[in-house]
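**Q** One letter stands for each residue in the lines below.
4 protein chains.
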Amino acid sequence: MRQRCGLWLMGARGSVATTAITGLLALRAGLVRPVGCVTERLDMDHTVLPTWDEIIVGGHDIVSIPLDKRAEQLAESGLIPHSVFTAVADGLRAVDTELRSGYHPVSHTGSQAAAAARLAADITDFRARHSLDRVVVVNVTSTEPPVPALPEHDDLDLLDRALNDPQRTVLPPSSLGAYAALTTGSPYVDFTPSPGIRMPALVELARRQDLPYAGADGKTGETLLRTVLAPMFVARALNVRSWAGTNLLGGGDGANLADPDQAKGKLESKARGLAQLIGDVTAPLHIDNVPDLAERKIAWDYVSFEGFLGAKMSLQFTWDGYDSALAAPLVLDLARLVGAAHADGQSGALPALAFFFKDPLGTDEHRFAEQTRMLAQWAADL
Amino acid sequence: MRQRCGLWLMGARGSVATTAITGLLALRAGLVRPVGCVTERLDMDHTVLPTWDEIIVGGHDIVSIPLDKRAEQLAESGLIPHSVFTAVADGLRAVDTELRSGYHPVSHTGSQAAAAARLAADITDFRARHSLDRVVVVNVTSTEPPVPALPEHDDLDLLDRALNDPQRTVLPPSSLGAYAALTTGSPYVDFTPSPGIRMPALVELARRQDLPYAGADGKTGETLLRTVLAPMFVARALNVRSWAGTNLLGGGDGANLADPDQAKGKLESKARGLAQLIGDVTAPLHIDNVPDLAERKIAWDYVSFEGFLGAKMSLQFTWDGYDSALAAPLVLDLARLVGAAHADGQSGALPALAFFFKDPLGTDEHRFAEQTRMLAQWAADL
Amino acid sequence: MRQRCGLWLMGARGSVATTAITGLLALRAGLVRPVGCVTERLDMDHTVLPTWDEIIVGGHDIVSIPLDKRAEQLAESGLIPHSVFTAVADGLRAVDTELRSGYHPVSHTGSQAAAAARLAADITDFRARHSLDRVVVVNVTSTEPPVPALPEHDDLDLLDRALNDPQRTVLPPSSLGAYAALTTGSPYVDFTPSPGIRMPALVELARRQDLPYAGADGKTGETLLRTVLAPMFVARALNVRSWAGTNLLGGGDGANLADPDQAKGKLESKARGLAQLIGDVTAPLHIDNVPDLAERKIAWDYVSFEGFLGAKMSLQFTWDGYDSALAAPLVLDLARLVGAAHADGQSGALPALAFFFKDPLGTDEHRFAEQTRMLAQWAADL
Amino acid sequence: MRQRCGLWLMGARGSVATTAITGLLALRAGLVRPVGCVTERLDMDHTVLPTWDEIIVGGHDIVSIPLDKRAEQLAESGLIPHSVFTAVADGLRAVDTELRSGYHPVSHTGSQAAAAARLAADITDFRARHSLDRVVVVNVTSTEPPVPALPEHDDLDLLDRALNDPQRTVLPPSSLGAYAALTTGSPYVDFTPSPGIRMPALVELARRQDLPYAGADGKTGETLLRTVLAPMFVARALNVRSWAGTNLLGGGDGANLADPDQAKGKLESKARGLAQLIGDVTAPLHIDNVPDLAERKIAWDYVSFEGFLGAKMSLQFTWDGYDSALAAPLVLDLARLVGAAHADGQSGALPALAFFFKDPLGTDEHRFAEQTRMLAQWAADL
Ligand SMILES: NC(=O)c1ccc[n+]([C@@H]2O[C@H](COP(=O)([O-])OP(=O)(O)OC[C@H]3O[C@@H](n4cnc5c(N)ncnc54)[C@H](O)[C@@H]3O)[C@@H](O)[C@H]2O)c1
Ligand SMILES: NC(=O)c1ccc[n+]([C@@H]2O[C@H](COP(=O)([O-])OP(=O)(O)OC[C@H]3O[C@@H](n4cnc5c(N)ncnc54)[C@H](O)[C@@H]3O)[C@@H](O)[C@H]2O)c1
Ligand SMILES: NC(=O)c1ccc[n+]([C@@H]2O[C@H](COP(=O)([O-])OP(=O)(O)OC[C@H]3O[C@@H](n4cnc5c(N)ncnc54)[C@H](O)[C@@H]3O)[C@@H](O)[C@H]2O)c1
Ligand SMILES: NC(=O)c1ccc[n+]([C@@H]2O[C@H](COP(=O)([O-])OP(=O)(O)OC[C@H]3O[C@@H](n4cnc5c(N)ncnc54)[C@H](O)[C@@H]3O)[C@@H](O)[C@H]2O)c1
Ligand code: NA
Ligand code: NA
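Residue numbers (the numbering used here), protein chains in the order written: chain H, 1 to 382; chain W, 1 to 382; chain R, 1 to 382; chain Z, 1 to 382.
Source of the hints: derived by calculation from the structure; they are not laboratory data.
Any given hint could be a false lead.
[Said to hold, decoys possible] Computed list of lysine to aspartate or glutamate pairs in DMTMM-like fashion (alpha-carbon distance at most 25 Å, straight line): (1) Z:K312 to H:E72; (2) Z:K312 to R:D259; (3) H:K312 to W:D68; (4) H:K312 to W:E76; (5) Z:K264 to R:E72; (6) R:K312 to Z:D261; (7) R:K69 to R:D210; (8) W:K264 to R:D259; (9) R:K264 to Z:E72; (10) R:K312 to W:E72; (11) W:K312 to H:E72; (12) W:K312 to H:E306; (13) W:K69 to Z:E76; (14) H:K312 to Z:E40; (15) Z:K312 to R:E76; (16) Z:K69 to W:D68; (17) W:K312 to R:E76; (18) H:K264 to Z:D261; (19) R:K312 to H:E306; (20) R:K69 to Z:D210; (21) W:K264 to W:E365; (22) Z:K264 to H:D259; (23) R:K69 to H:E76; (24) H:K312 to W:D292; (25) W:K312 to R:D292; (26) W:K312 to R:D210; (27) R:K312 to Z:E40; (28) H:K69 to R:E76; (29) R:K264 to W:E76; (30) W:K312 to H:D259; (31) W:K264 to W:D280.
[To be verified] Simulated restraints, written as ranges between beta carbons of each label pair: (32) Z:P146 to H:A258: 19 to 27 Å; (33) Z:D280 to H:D210: 50 to 58 Å; (34) H:P148 to Z:D280: 34 to 42 Å.
Cβ coordinates follow ideal geometry from the N, Cα and C atoms, glycine included.
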């Protein structure tokens, strides 16, 4: 049975979020076809999914640029058609009134528990204000660097105590956001490689709250292709010797990942997948910030492999994509599917959603075709 | 239960055949690992497959260059390591004594029935001489142009009559070869896009003889990638607008396909697959003869697609492969698997072998990952 | 000394022309920088060149779509920024009033001489109306197929007689346009591979009229790169074995060149250059119409070459360009430079402009760096 | 007048050196054509150049693998044809007797002056033993990291004093080699980006000895293409926004450059050239060690540029080369040309040889076509 579903975006003024919101408004208005929306083509009971009209958006961000300004920038960079931008500008201004200030460790004073409570209140207010059946919280904030392990990350009671200590900053922002979301009883999706929910203490919190969650790190470009292509080499018994990759990207994500520290998590989540698929091969990988590409991302991969009698061969590809145009419909899909899973009473990591992620939670299945089957079956059973 | 299996190669002195034979000898001698051999990695009862020692090779060709000379040429072009060539040269000369003259319409006089009988006798003699349990006949001759439809192609009795008319040449060489193979009770594999067994009359002959068969047109390069990549666009609801391709190849295949007539069958079998996978899109496709590439094949594909909000994106790849190094192990795999199917009493087209072919017989499944599953399941059940 | 210069575009409503006109208006208004305008960076006496304000545009076309509508289409395909389009829309409507109906053999009745007279009158009226010192006529109409040679093409007197015969259509439209331009005393530029001025009779007419002319076929993509890269292989004594190319293009040019007949001239002009540069090598070349690319053109070239001790190596490139954005500033440059040459009293083919063309008139120099030097020197001497 | 010329290779057992020696022997025996040898195609007085027979090879290295073993490895990796290797194996063993132990700071005891004297004696003995008119010393040792500046590097007298102090190691090995070469009165070529001769003190030594020298860092792949392509963007007034590059290489050079410290010099010499050509643009650049590529090097460059009206376009290329096959003939060319310059009485840096180098000494000219002209003119005047 269909129900009104909130979509709460952490990082609501970023490229991915702005594209998702703009697209949602355009879909509602029938201005565009749902290209890239996977839920639209799944063979399933579509009545369990909220319609475009039934998805209501709010969110947090730490910058204050108006959503329509942000969308205008994206239109200038070619990501959003001008005509669509114009048609939904009013709608964007309306959504803007639903956005709240996010948590930033630098500007925050007081305990992290207090910060989490404030974030949680924003979500529960939103849910009440719109009489929503549930809110799916999706993290699309800037990628954070990996965090050093602490005992508090492994134990919910320890964690709760540490959060209340105003002297400590025990959780990175993404994990504090996940914590806040779970306390409100909201299912949670990690679209980034940041720590987020991936700590035993938060997994335990989700379990206590009986909540489903999914992640991590949306799979939209180079890694998508790798998980499509690598199984071919395996199936054909070809011997991959090396798989080199270079990613050129601009935009906020490019600027952020120019910092090697921030990029570390991303590079690790990419590498994990490849190793899972074809084992340990030479696999140099780079992410370069190329501002003039704006919202585009170019990925070049060079795969060197051996065949029968040691014949040396290669495959190379260049992917030229608008990253946020690939990510945004998946964010809408995830809101629908995780919302439906929650309505269905499911909890814990949702391995059937591995299809969407570079580093899937709840499963080690990286092969895209297998993930497609898992998703299809799970959705058909909803 | 394992049994001695003949592998009869139509086109036995070509690149694919010579590479398959050289590789088989090298595998027997433990000189190389079975890279590219799919049967080696299938999770199945391996005792139903002939070992490398149990596969005995013979064949037809219309040229008379000694097999070791042909292999030496392939070594010079970088396809076969020199050390392997040297080690198996004696073995190649031994196999050479098992090769017989093929059928060529230009040099043949008399009825096609007589020609077929001669081809069949070569196969039955070979089977008897080596006390083989069966012979799998694999067509790796030069690609033929499509043939105009004749009523005789649809009706076995009409066909038999026409074959006996010395004035007529009712079957193209590949189909006459298939006819001969079937009359000897041998299962048959079409590794080329030539007409071969694909005529109702020959399908009927296979039925009467209770024989399994498989085809058509080995999938080793551009098409392999297309059947791997196209399902990704579908799964992600991305809108492919055009898919352009250019193939540069040298070798015998390059020279042969330089003739637009001969290339027609190949281009058609490639196009059919793409349409099946993503529907009708702009899809210009070229095959160019570039002699200096010798045994290498370069394929470049450019896929233009639209995502969310109409964002225009592209994927391009360049494949740089040794075609025969990709094809040869599959020929050995097919001998093993079709041999096992015959031993198992299976007959008719074997759809589970779609994995190997551009234009699979007995199924319309072109998606490589699905084909991989079908093969795995079928092999596990053998 | 600076003078007012007309730019008369044959094909004035096409992509190249519309982009050139839009750009000229934007440059006049200071909305954009003169990126791609070669004259702006030449080290020369800039006072001999008309300023943007001093270039006045008129032209012929055989379609009647308003110029602002055409520019709007180009804005939608990403070629022209929306803001620029909006700012110059009035200017485009003003230029539209200067456009006249071109000559089309199908709709024309009467002799070709009469047609030429009408075209010429349009040009002289335009010159008078705006008190222009001269008009440079540039052919940017759709590419025409090669024409069979006729004795009239070689002899101006024979030609004049034939043009007056209403039963004959002795000149293709591009050549009739060149004829008309020359009769008005206007210098002429062939930006297309169509026959245009390339007939002894028209060359003689230019000589009699003491007019300079330049051509043929603007060099803006694959051929530009070839004339840049091929000299490197020569300078380094590397042995190019094959140079394969595929061009994917949409737009009017794509649709037109989808016709193999029309493409013939283009393919020939491309091939001539390569042979001139590196001699006779295997060089398959394709032009494919891919409508969804709209105004973009993708070119892929694969160069296979041998080095020391026969080492086999390759270079491949993919060019992703907006063809008209590359061509349009060159059209403005040519108007300026050919105008200046005319003012300077030069006549005949201008080999110093080889820099701009795939198939340069008056020289066999195809090497881009040499052409760059020739242009620089010539311009410095103006 | 022709004269016998020694070629003394520092790093004589490396890939470049071994390929150069093998090729020289093959050229002498008439086994191969001089593909890649620039001197063969220069329009000049060829009698001033030593013939292949007149070039006698010796050298230093710090490893002791026999030259024929090294060549055999290169044959196995596809760089040298097997037949050539077999034909010249005896010749390689003969050259091996001319090789001596190089200088390595770790194994050396005593002052650097003593080490230099020993290296110098090896060279003068070689010259005397073979009655050579001169010896050209070419540095093809492994790339060294940049060195911190010392006052001794700027002042020859200070340097001489420091070299005699057994407690100090004031020069990196490449510079000590250059020092030794110059003291013997031999012209010197830096084929690597190592410090080598690039210190005021050594430049002064060359001046005192009246010796010509050339360098630095052979230009054979990505940089060659950059210096060919970048001038095109400039000539066409196109606005390059970013130029990203990735290099994948195996072999000794790959292993060495895997160390970021060693790679630094290489990356810097590459970057300098690009900045010189197109100014400061975003230009991320990587060198990755990919051992399975063995002697091959793959370079991928992605150039993003803007044209008229801000149109965003790109050019990307993939270079697939055998690095040493590109470098080796240039080493022979340099021996010939620098030898001829010496015979001609020239001294100091030879800017006319910029054609060969990433980071040319004596000039800032990086444009390949200009360098080609400079070389042609200079050679014609010899
Ligand atoms: N295809 C894709 O675009 C794709 C795929 C996978 C993952 N991702 C991830 O999605 C995330 C968003 O990408 P983007 O391109 O939209 O980046 P962006 O830089 O445009 O947006 C990130 C937004 O997060 C906000 N933010 C940062 N820290 C915050 C905090 N603590 N609380 C609330 N908001 C905060 C920023 O102010 C910014 O508006 C990145 O982590 C990226 O790696 C994107
Ligand atoms: N990856 C691959 O190499 C690949 C993939 C799919 C299909 N194929 C097909 O396999 C076939 C063989 O390819 P190849 O590269 O070995 O070509 P090839 O030209 O090297 O060999 C073909 C051989 O067939 C022989 N032949 C021709 N007509 C014959 C006849 N009537 N009877 C007997 N022999 C005959 C020729 O003499 C030649 O020796 C081609 O049809 C090709 O299209 C190859
Ligand atoms: N980079 C480039 O775009 C480039 C480079 C080299 C050459 N060219 C050539 O420039 C020409 C124009 O290219 P485009 O992309 O603008 O094509 P287009 O199809 O957009 O425009 C051609 C225009 O010419 C008009 N036309 C056709 N026949 C005519 C006639 N007889 N008289 C007057 N007008 C006529 C058409 O109606 C159309 O408006 C083509 O021949 C193309 O091959 C273009
Ligand atoms: N196309 C090219 O191959 C190319 C282009 C430009 C520059 N280079 C440079 O040329 C050099 C050689 O390249 P390579 O591929 O032959 O590398 P390599 O590693 O195969 O050979 C280097 C050789 O130098 C020897 N060596 C190291 N230190 C020495 C010393 N102090 N004295 C004497 N010998 C010493 C090593 O033992 C080795 O045999 C590298 O610096 C490389 O960067 C090569
Ligand atoms: Na089928
Ligand atoms: Na010419």
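**Q** Confirm or reject each hint.
**A** For each hint, the structure was consulted:
1. Z:K312 to H:E72: holds (18 Å)
2. Z:K312 to R:D259: violated (29 Å)
3. H:K312 to W:D68: Cα-Cα ~22 Å, so holds.
4. H:K312 to W:E76: Satisfied, since the Cα-Cα distance of roughly 14 Å is no more than 25 Å.
5. Z:K264 to R:E72: violated (50 Å)
6. R:K312 to Z:D261: violated (32 Å)
7. R:K69 to R:D210: violated (39 Å)
8. W:K264 to R:D259: Measuring from Cα to Cα gives roughly 20 Å; hence the hint holds.
9. R:K264 to Z:E72: violated (50 Å)
10. R:K312 to W:E72: holds (19 Å)
11. W:K312 to H:E72: Cα-Cα ~18 Å, so holds.
12. W:K312 to H:E306: Judged against 25 Å, a Cα distance of about 34 Å means the pair is violated.
13. W:K69 to Z:E76: Holds, at roughly 21 Å.
14. H:K312 to Z:E40: With Cα atoms ~33 Å apart, K312 (chain H) and E40 (chain Z) exceed 25 Å; violated.
15. Z:K312 to R:E76: holds (14 Å)
16. Z:K69 to W:D68: violated (28 Å)
17. W:K312 to R:E76: Given that 25 Å is the threshold and the Cα spacing comes to 12 Å, the pair holds.
18. H:K264 to Z:D261: Since the Cα atoms of K264 (chain H) and D261 (chain Z) sit roughly 21 Å apart, the hinted pair holds (cutoff 25 Å).
19. R:K312 to H:E306: holds (18 Å)
20. R:K69 to Z:D210: Distance ~72 Å between K69 (chain R) and D210 (chain Z) Cα, so the pair is violated.
21. W:K264 to W:E365: With Cα atoms ~22 Å apart, K264 (chain W) and E365 (chain W) stay inside 25 Å; holds.
22. Z:K264 to H:D259: Cα-Cα ~20 Å, so holds.
23. R:K69 to H:E76: holds (21 Å)
24. H:K312 to W:D292: Cα-Cα ~17 Å, so holds.
25. W:K312 to R:D292: Cα-Cα ~9 Å, so holds.
26. W:K312 to R:D210: Status violated; Cα separation ~50 Å.
27. R:K312 to Z:E40: holds (20 Å)
28. H:K69 to R:E76: Measuring from Cα to Cα gives roughly 21 Å; hence the hint holds.
29. R:K264 to W:E76: At roughly 38 Å apart (the allowed maximum being 25 Å), E76 (chain W) and K264 (chain R) break the hint.
30. W:K312 to H:D259: violated (29 Å)
31. W:K264 to W:D280: Holds. K264 (chain W) to D280 (chain W) sits at ~19 Å (cutoff 25 Å).
32. Z:P146 to H:A258: 19 to 27 Å: holds (24 Å)
33. Z:D280 to H:D210: 50 to 58 Å: Given about 57 Å between the Cβ atoms, the range holds.
34. H:P148 to Z:D280: 34 to 42 Å: Since P148 (chain H) and D280 (chain Z) have Cβ atoms about 37 Å apart, the given range 34 to 42 Å holds.
Hint check: violations occur at hints 2, 5, 6, 7, 9, 12, 14, 16, 20, 26, 29 and 30; the rest are consistent with the structure.
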